[in-house]
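Protein chains: 2
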Amino acid sequence: MQHIVALCGGVGGAKLADGLQRYLAPGLLRLIVNTGDDFEYRGLPICPDLDTVLYTLAGVSNVKQGWGRARESWQVQTQWRELGIDTWFQLGDRDIALHLYRRELQLQGLSLTQISRTLAGKFGVRSELLPMCDGPAPTTVLTDEGAMPFQEYFVKHQCSPVVRGFRYGAADSLDVTVPVRGALEDANLNGIILCPSNPYLSIGPILAVPGMRDLLLRARVPVIAVSPIIGGAAVKGPAAKIMRELGAQVSPMEIARQYRDFLDVMLIDESDAGLIVSRDANDPAFETAPILMRSPSDRQTLAMTCVNLLRRLRD
Amino acid sequence: MQHIVALCGGVGGAKLADGLQRYLAPGLLRLIVNTGDDFEYRGLPICPDLDTVLYTLAGVSNVKQGWGRARESWQVQTQWRELGIDTWFQLGDRDIALHLYRRELQLQGLSLTQISRTLAGKFGVRSELLPMCDGPAPTTVLTDEGAMPFQEYFVKHQCSPVVRGFRYGAADSLDVTVPVRGALEDANLNGIILCPSNPYLSIGPILAVPGMRDLLLRARVPVIAVSPIIGGAAVKGPAAKIMRELGAQVSPMEIARQYRDFLDVMLIDESDAGLIVSRDANDPAFETAPILMRSPSDRQTLAMTCVNLLRRLRD
Numbered sequence: 001m002q003h004i005v006a007l008c009g010g011v012g013g014a015k016l017a018d019g020l021q022r023y024l025a026p027g028l029l030r031l032i033v034n035t036g037d038d039f040e041y042r043g044l045p046i047c048p049d050l051d052t053v054l055y056t057l058a059g060v061s062n063v064k065q066g067w068g069r070a071r072e073s074w075q076v077q078t079q080w081r082e083l084g085i086d087t088w089f090q091l092g093d094r095d096i097a098l099h100l101y102r103r104e105l106q107l108q109g110l111s112l113t114q115i116s117r118t119l120a121g122k123f124g125v126r127s128e129l130l131p132m133c134d135g136p137a138p139t140t141v142l143t144d145e146g147a148m149p150f151q152e153y154f155v156k157h158q159c160s161p162v163v164r165g166f167r168y169g170a171a172d173s174l175d176v177t178v179p180v181r182g183a184l185e186d187a188n189l190n191g192i193i194l195c196p197s198n199p200y201l202s203i204g205p206i207l208a209v210p211g212m213r214d215l216l217l218r219a220r221v222p223v224i225a226v227s228p229i230i231g232g233a234a235v236k237g238p239a240a241k242i243m244r245e246l247g248a249q250v251s252p253m254e255i256a257r258q259y260r261d262f263l264d265v266m267l268i269d270e271s272d273a274g275l276i277v278s279r280d281a282n283d284p285a286f287e288t289a290p291i292l293m294r295s296p297s298d299r300q301t302l303a304m305t306c307v308n309l310l311r312r313l314r315d
Numbered sequence: 001m002q003h004i005v006a007l008c009g010g011v012g013g014a015k016l017a018d019g020l021q022r023y024l025a026p027g028l029l030r031l032i033v034n035t036g037d038d039f040e041y042r043g044l045p046i047c048p049d050l051d052t053v054l055y056t057l058a059g060v061s062n063v064k065q066g067w068g069r070a071r072e073s074w075q076v077q078t079q080w081r082e083l084g085i086d087t088w089f090q091l092g093d094r095d096i097a098l099h100l101y102r103r104e105l106q107l108q109g110l111s112l113t114q115i116s117r118t119l120a121g122k123f124g125v126r127s128e129l130l131p132m133c134d135g136p137a138p139t140t141v142l143t144d145e146g147a148m149p150f151q152e153y154f155v156k157h158q159c160s161p162v163v164r165g166f167r168y169g170a171a172d173s174l175d176v177t178v179p180v181r182g183a184l185e186d187a188n189l190n191g192i193i194l195c196p197s198n199p200y201l202s203i204g205p206i207l208a209v210p211g212m213r214d215l216l217l218r219a220r221v222p223v224i225a226v227s228p229i230i231g232g233a234a235v236k237g238p239a240a241k242i243m244r245e246l247g248a249q250v251s252p253m254e255i256a257r258q259y260r261d262f263l264d265v266m267l268i269d270e271s272d273a274g275l276i277v278s279r280d281a282n283d284p285a286f287e288t289a290p291i292l293m294r295s296p297s298d299r300q301t302l303a304m305t306c307v308n309l310l311r312r313l314r315d
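In order, the protein sequence lines correspond to chains L and Y. Under our numbering, the first residue of the first sequence is numbered 1, with each subsequent residue one higher. Under our numbering, the first residue of the second sequence is numbered 1, with each subsequent residue one higher.
Watch out, some of these pointers could steer you wrong.
In this list, chains with the same sequence are indistinguishable; a pair is considered to hold if it fits within one copy or across any two.
[Claimed, not checked] Calculated cross-link-like contacts (lysine to any residue; reagent style SDA-like; alpha-carbon spacing at most 20 Å):
no., residue 1, residue 2
1, Lys236, Met304
2, Lys122, Asp86
3, Lys122, Ile230
4, Lys122, Gly237
5, Lys122, Trp88
6, Lys122, Pro238
7, Lys122, Gly84
8, Lys64, Ser297
9, Lys122, Leu83
10, Lys156, Gln90
11, Lys122, Trp80
Calculated from the structure, these hints are not laboratory results.
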């Protein structure tokens with residue numbers, strides 16, 4: 001059986017991951033998930049991207065809200081508010097149940113990789129959820145208002161500070177985990193997909209894990225990316241704003257160049273076909289397809305497009 | 001202003017504490033509360049007696065159920081059950097909110113005494129809640145099925161094992177806290193009351209904190225106890241069963257003898273008046289009153305009886 005590895009962050013990445021899980025035979029999808037957003041809140045270990053992927057693949061995510069659980073309740077938080085306790089970060093009861101259980105497993109000595117496997121099992125998810133690394137690897141956003149942890153930038157400040165750069169927590173010391181290395185070196189690996197996730201906040205932290213970029217470079221399978229930018233704007237989140245603030249063009253080309261050393265093809269939206277002419281010889285190749293995922297069937301169609309593209313590139 | 005100190009454990013003790021709080025002027029009641037039942041569950045710091053007293057004094061306890069919060073919901077626990085995660089210990093959402101906040105304060109470096117003061121403030125409680133000590137002091141129940149932590153004996157085994165004795169966690173190393181010592185040495189102290197709590201599981205652990213018994217012995221104010229035994233049976237809980245298993249008579253006399261070195265008077269129920277004749281010269285004095293608390297007004301009446309008795313003993 002032939003595996004696919006996908007690198008992803010939160011909502012956009014989780015959608016394509018969901019499409020891939022629907023399209024592939026059970027167990028063939030291995031996801032390497034950003035943990036740069038992870039943080040502790042009220043003593044609970046919060047893993048926003050891992051949980052978004054978990055909930056999405058389990059079919060229990062809150063699609064309307066764009067984060068958290070479907071059928072969520074807010075009793076614990078209501079009690080905090082009644083007692084005048086700060087609640088800047090929203091936590092539903094089902095979310096809290098998950099975080100408390102994750103903490104219990106942490107206290108039992110399980111690694112984040114082992115915990116994610118356990119949680120995937122409990123939620124009946126048939127794909128592998130691999131945290132990008134096992135230790136804490138917090139992303140720091142460097143802004144004109146100073147350096148701040150990702151959640152502070154994203155939730156407290158609603159992405160308003162002007163971004164100057166990033167510091168990735170794993171860059172200094174942590175290494176790729178044995179299962180991540182195994183997934184990328186697997187003889188049965190068929191291809192690697194970078195999901196349409198934020199290049200700075202989701203894919204960037206993954207690529208900064210020591211050893212990760214090298215594994216992608218040495219992979220003997222095609223590597224493709226799906227653009228998170230359509231028509232000069234981000235499908236979701238602050239990607240375009242950040243690109244502007246960093247003085248970059250808001251374009252899939254810009255992102256493709258960041259992945260140039262290992263990327264074979266970037267899939268851009270058919271509406272952006274005009275960009276292909278602006279490629280220069282050193283840029284990765286572009287292909288076009290409808291890449292906006294509005295419905296579950298869009299997810300599966302895009303997954304099929306990606307898998308077929310990988311097949312074509314292999315042949 | 002003249003203070004009263006009361007030693008107490010869970011439900012029975014909390015009822016008299018509530019009566020005392022209603023009867024005394026605000027701020028005059030200082031409670032020394034058993035922490036021998038405290039334990040960690042799912043990484044949360046659970047303090048059953050402190051919370052029972054807190055909820056009772058704040059008027060938010062679940063009177064019908066006999067433990068936990070009024071208007072409680074069970075969303076977090078429902079999620080654990082849905083995921084097949086063990087839930088042998090019942091935790092409501094409001095309870096969890098409290099435990100998570102307590103844990104956050106712990107992580108900030110606050111002592112249990114400081115945390116209890118903060119929580120009392122948040123709940124608008126006008127009495128001082130003083131944990132018997134600041135470090136972990138778990139009560140171990142020695143049974144014919146082996147030694148077990150209190151919660152295992154009480155919740156998992158429903159008090160069914162035959163008790164041979166107890167080991168109190170504070171006995172070895174911990175000391176009374178500065179606020180507990182301050183409360184018992186206060187020049188404005190008017191009297192000390194041992195609430196009708198289990199002598200082995202609630203009062204026993206408090207008396208085992210190094211320094212505590214000595215402070216009671218040296219107190220220059222009267223010390224009285226309210227019997228948790230009426231008509232040869234415990235008002236609530238396993239006290240009578242344990243007394244039988246330890247070969248003791250199920251009688252207030254037996255309990256009074258445990259407190260003999262520092263106790264001035266034990267208040268027993270008027271229905272037990274016949275016991276007074278069986279006293280010997282070395283036993284503490286007995287007085288009778290209606291001591292069963294069925295209603296809030298019973299609590300206040302008993303509180304008044306206790307305060308008047310202390311006044312009489314002082315004069």
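Numbers of the earlier hints that this structure fails to satisfy, in rising order: 1, 3, 4 and 6
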